[in-house]
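Fit chain B to the supplied structure of chain A, relying on the hints for placement.
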Amino acid sequence: MSERITPAMVTSATLNDLNASLGSLTRTTDELSSGKKILEPSDNPYGASQVIDLQSQLEGLSSYESNAQDGISWENTASTAMSSMGQAAQRVRELLVQGANGTYNQSDLETMALQVEQLTESVKQDANTEYAGQYLFSGTATTTAPYEQGAEDEYQGNSESVSRAVGPGATVTVTTNISTLLGNGEASKDGKLLDTLRTIAKNLRAGTVEAREALGTTDLQNLDGNLETLTQLQATAGSATDQLQTALSRNEDLQGSISQALSNTDDTNVAAVSVEYANEQAAYEAALRAAASIVQESLLNFLQ
Amino acid sequence: MTIPSLQGLQTALSGLIAEQTALDTAGNNIANANTEGYSRETALLEPNPPLTIPAISSQTGRGAQLGTGVSVTTITRIRNTYLDAQYRTQNSALSAASAQSEVLEQAQAAFNEPSSAGIASQLSNFWTAWNNLAVSPTSEAAKEAVVAAGQQLVTVFKQLSSQLTTIATQAGEQYNALTGPSGEVEDYANQIAQLNGQIKLSEEAGQPPNEMLDRRDELLDKLSSLANITVTEASDHMDTVSFGEAAKPLVEGTKVNWPQTLTETAGGRLGALLALTGPGGALTSLQTGLDTVAETLATTVNEHLTTPFFSGETAATLAVAVKASEVQASGTKAVGGNEVARAIAALRGGTAEQGYAALVEKVGSDVRAAGDEQTNLQTTVTAISDQRESVSGVSLDEEMTNLITYQRGYQASARTLTAMSEMLETLIEHTGVVGL
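Read top to bottom, the protein sequences are chains A and B.
Read left to right, the first sequence gives residues 113 to 416 (my numbering).
Read left to right, the second sequence gives residues 585 to 1020 (my numbering).
Next up, chain A with everything else stripped away, as it sits in the complex (with noise of 0.2 angstroms):
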């Protein structure tokens, strides 16, 4: 350096170096005390848009996984629910083959016909099942009883279907259509199991011989049928909680993956800033011992 150097220069030479230390020391501080490497946008206005990006696409995970659990307890009700309906015709069916078979007398087959009304009952109430205060069988008309108790059969539900959102673009339906099962009973004549059961009471009180055939016959053949059909539902149950377990499993794995991201892009490395914390530190020492020592010499300290 060929040019003239004045105290002011030393001066304010060194007080820049010292604030440039001391600004990369408190850069530092920050980023180790926050444990993010992003404190605002412009220190990666990138990464800053990302980490939007990623911590919505977190949130998103965490309602799918909610909505999948939702969707499985649902399920699980639901499918308690129609194995209580199957054990209930179970029973009527026994009563039926012991109804058929000729050897009970009319005051049998009554007591038998008020066992299967009481069984009835007993799949209208399953059928009316709430969960979270929500009828499950009612499709969409979640706040309406699919059945009424008492002598009225009618589905008073809908047959839209209900889903749940497992992930991007992903749905599950967890309604089960269950007036495909039972029906709207006696008077509609369609052959679901509520007209089955109406019908197998009504033949076994009636005491003639054709209604005695007809519970061995028709009637065996129209509970089975039913019996198939609730098969089927239950079936379809299951693997709508398959499904659901399913998403659940791959939300896990995706939210691993997108936590990860969301480390590499915004947590501080706290074993490299550490250390660059300590260099920081060190130079940052160095540079005041400097300015202390320099700026303190001059020709007049040696003139006589």
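Quick caveat, the hints were computed from the structure, so don't treat them as lab data.
Accuracy of the hints is not assured; some may be wrong.
One-sided excerpt, in silico: chain B residues whose CB lies under 7 angstroms from chain A [to be verified]: (1) Gln692; (2) Asn696; (3) Ala704; (4) Glu728; (5) Val906; (6) Val951.
Listed next, with one range per pair, are the computed distances between beta-carbon atoms [claimed, not checked]: (7) B:Asn886 / A:Glu364: 28 to 38 angstroms; (8) B:Gln938 / A:Gln199: 52 to 62 angstroms; (9) A:Ala373 / B:Gln735: 24 to 34 angstroms; (10) B:Asn886 / A:Asp379: 29 to 39 angstroms; (11) A:Ala373 / B:Asn664: 50 to 60 angstroms; (12) B:Thr1002 / A:Ser410: 31 to 41 angstroms; (13) A:Val122 / B:Arg999: 33 to 43 angstroms; (14) A:Ser405 / B:Gln594: 45 to 55 angstroms; (15) B:Ala789 / A:Ala404: 46 to 56 angstroms; (16) B:Ser699 / A:Ser369: 19 to 29 angstroms; (17) B:Glu897 / A:Glu264: 48 to 58 angstroms; (18) A:Gly262 / B:Ser699: 58 to 68 angstroms; (19) B:Glu630 / A:Gln393: 51 to 61 angstroms.
With a Cα cut of at most 25 angstroms, we get these calculated DMTMM-like pairs of lysine to aspartate or glutamate [what the hints assert, rightly or not]: (20) A:Lys148 / B:Glu836; (21) A:Lys148 / B:Asp956; (22) B:Lys946 / A:Asp379; (23) B:Lys946 / A:Glu171; (24) A:Lys149 / B:Glu945; (25) B:Lys839 / B:Glu879; (26) B:Lys907 / B:Glu945; (27) A:Lys148 / B:Glu689; (28) B:Lys839 / B:Asp798; (29) B:Lys806 / B:Glu957; (30) A:Lys149 / B:Glu689; (31) A:Lys301 / A:Glu233; (32) B:Lys742 / A:Asp165; (33) A:Lys314 / A:Glu325; (34) B:Lys832 / B:Asp771; (35) B:Lys946 / A:Asp165; (36) B:Lys946 / A:Asp155; (37) A:Lys149 / B:Glu686; (38) B:Lys946 / A:Asp142; (39) A:Lys149 / A:Glu388; (40) A:Lys149 / B:Glu879.
The structure displayed is predicted, hence computed values, not measured ones.
For each residue, glycine too, the CB sits at the ideal point set by N, CA and C.
Frame of chain A, contents of chain B only:
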């Protein structure tokens, strides 16, 4: 031809005077070593016109010239005007970058990202609320939550929008304060015009106007931080100062032309303030970008609904238009349907959110670019400043050396005077008594 016998005394005296002046100048430099804007001064010494002796040697008959001492022609300040011009150009650019960086950093702070209180996380909460409604479409609490999340979202949009407006307004106010009556521009211009007049008078009176020149240079430095300036020097020191590409020069000799209209091309702090808030400026485009995000949000949500959820088309006017009881989870009459709520929850990560993330990226890059530019220009300005200081700054070591030099010179001149005096004493006292 002989030499006047008292000439030696005069020569020694001139040396004493010159050395003393030089000593005084060094003393003044030392006194002003830490004065802002002071340029070091130096006494220019020049030999006095010699005495011509026609024939000093009887043998050769040749004449000679005898020096008659020294005189101080002037005390001049040491300054490089080329460096001044460079400094002012870079200083204008630096101050523009600083103003830009300052204002954009405020805007960035208003965005408050990444955080759990910014628009991004409120948007996320909003989608979650719709998702929860999809799970419990008949729940009044879920509907209330959707409306509450919507209102919070609207609030952060409005806050950010009004903060951006405030920042723009404050930038405008800063511009007005600087350029207005008795603002800095007018103040500096008046002082410069006044100094022009005084410098001219001082020159005419034969006084070197060093201190006034220093003061004028310092004012020009300050002026250069407000806008680009060009100084045209006149021989009579009635300099002309062009300012911020304005139509007429700001200062013409002792005349001041202000106020004048400036544009974004003015440079310096004023140019930067105009550019930031002007159409297409960084602040304006942030505000427009935010409005677009708000409009996209309202449109994409509303298109799934028969009763619009949001009203308003800008960030400032965005509002929740429905009560909790009017929130629709489904398009059909059925209470348990959730396809609408699901569709809206699926807007997460959609155009509104992407638009906002892009906006955050933009404000980040803007701040970063302005900050980088500021750092680079700061380095340049520091370098030029150092060069100026190297030329004009006072070096104490150098002045101490000068002190010793001139002190020795003074002592030697005094010794010459003593020698002369003793010589004359010999002549007067020891050559006998006349007339006795």
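Here's how the hints hold up against the structure:
Interface restraint check: B:Gln692 against chain A, minimum CB-CB distance 6 angstroms, threshold 7 angstroms, status holds. A cut of 7 angstroms between beta carbons decides the hint on B:Asn696: the least distance to chain A is about 9 angstroms, and the hint is violated. Satisfaction of the interface hint for B:Ala704 is found here, the shortest Cβ-Cβ separation to chain A being roughly 4 angstroms, below the 7 angstroms cut-off. Checking B:Glu728 against chain A by beta carbon gives a least distance of about 15 angstroms; that is not within 7 angstroms, so the hint is violated.
A cut of 7 angstroms between beta carbons decides the hint on B:Val906: the least distance to chain A is about 21 angstroms, and the hint is violated. With a cut of 7 angstroms, the hint placing B:Val951 at the interface with chain A holds, because the nearest CB-to-CB distance is about 4 angstroms. For B:Asn886 and A:Glu364, the Cβ-Cβ distance of about 34 angstroms falls inside the hinted range of 28 to 38 angstroms, so the restraint holds. For the pair B:Gln938 and A:Gln199, the beta carbons lie near 53 angstroms from each other, so the given range of 52 to 62 angstroms is met.
One distance hint, 24 to 34 angstroms for the beta-carbon pair A:Ala373 and B:Gln735, holds here, with the actual separation near 32 angstroms. For B:Asn886 paired with A:Asp379, a C-beta distance near 38 angstroms keeps the hint of 29 to 39 angstroms intact. Take A:Ala373 and B:Asn664: their Cβ atoms lie about 56 angstroms apart, and the range 50 to 60 angstroms holds. In this structure, B:Thr1002 and A:Ser410 meet the distance hint of 31 to 41 angstroms, their C-beta atoms being roughly 34 angstroms apart.
For A:Val122 paired with B:Arg999, a C-beta distance near 38 angstroms keeps the hint of 33 to 43 angstroms intact. A C-beta distance of roughly 51 angstroms is found between A:Ser405 and B:Gln594, which places it inside the suggested range of 45 to 55 angstroms. Checked against the hint of 46 to 56 angstroms, the pair B:Ala789 and A:Ala404 passes, with Cβ atoms roughly 48 angstroms apart. One distance hint, 19 to 29 angstroms for the beta-carbon pair B:Ser699 and A:Ser369, holds here, with the actual separation near 24 angstroms.
Separated by about 53 angstroms at the C-beta atoms, B:Glu897 and A:Glu264 satisfy the suggested range of 48 to 58 angstroms. A hinted range of 58 to 68 angstroms for the beta carbons of A:Gly262 and B:Ser699 is consistent with their spacing of about 59 angstroms. Checking the proposed 51 to 61 angstroms range against B:Glu630 and A:Gln393 shows it holds: the Cβ atoms sit about 58 angstroms from each other. With a C-alpha separation of about 56 angstroms, the suggested pairing of A:Lys148 with B:Glu836 is violated against the 25 angstroms cut-off.
Between A:Lys148 and B:Asp956 the alpha-carbon distance is near 22 angstroms, which keeps this suggested pair within the 25 angstroms criterion. At roughly 22 angstroms between alpha-carbon atoms, B:Lys946 and A:Asp379 fall within 25 angstroms of each other, so this suggested pair holds. Of the supplied pair hints, the one linking B:Lys946 and A:Glu171 holds, its CA atoms being roughly 24 angstroms apart against a limit of 25 angstroms. Proposed proximity of A:Lys149 and B:Glu945 is supported: the alpha carbons are some 15 angstroms apart, at most 25 angstroms.
Between the alpha carbons of B:Lys839 and B:Glu879 the distance comes to roughly 53 angstroms, so the proposed pair goes past 25 angstroms and is violated. Taking the CA atoms of B:Lys907 and B:Glu945, the gap is near 35 angstroms; set against the 25 angstroms cutoff, the hint is violated. The suggested pairing of A:Lys148 with B:Glu689 holds, with an alpha-carbon distance near 19 angstroms, which does not exceed 25 angstroms. Annotation: proposed proximity of B:Lys839 to B:Asp798 holds, straight-line Cα distance about 20 angstroms (limit 25 angstroms).
Of the supplied pair hints, the one linking B:Lys806 and B:Glu957 holds, its CA atoms being roughly 20 angstroms apart against a limit of 25 angstroms. In summary, the hint linking A:Lys149 to B:Glu689 is supported, as the alpha carbons are separated by about 18 angstroms, within the 25 angstroms threshold. Restraint check for A:Lys301 and A:Glu233: the C-alpha separation of about 18 angstroms stays at or below 25 angstroms, so the hint holds. Restraint check: the Cα-Cα separation between B:Lys742 and A:Asp165 comes to about 22 angstroms, which is no more than 25 angstroms; the hinted pair holds.
Taking the CA atoms of A:Lys314 and A:Glu325, the gap is near 13 angstroms; set against the 25 angstroms cutoff, the hint holds. The suggested pairing of B:Lys832 with B:Asp771 holds, with an alpha-carbon distance near 17 angstroms, which does not exceed 25 angstroms. Among the hinted pairs, B:Lys946 with A:Asp165 is consistent with the structure: their alpha-carbon atoms are about 15 angstroms apart, no more than 25 angstroms. Of the supplied pair hints, the one linking B:Lys946 and A:Asp155 holds, its CA atoms being roughly 12 angstroms apart against a limit of 25 angstroms.
Distance check on the hinted pair: A:Lys149 and B:Glu686 sit about 22 angstroms apart at the alpha-carbon level, within 25 angstroms; holds. A C-alpha spacing of about 23 angstroms is found between B:Lys946 and A:Asp142, which places the hinted pair at or below 25 angstroms, so the restraint holds. Restraint check: the Cα-Cα separation between A:Lys149 and A:Glu388 comes to about 13 angstroms, which is no more than 25 angstroms; the hinted pair holds. Taking the CA atoms of A:Lys149 and B:Glu879, the gap is near 32 angstroms; set against the 25 angstroms cutoff, the hint is violated.
In the structure shown, a violation is registered for the earlier hints numbered 2, 4, 5, 20, 25, 26 and 40, in ascending order.
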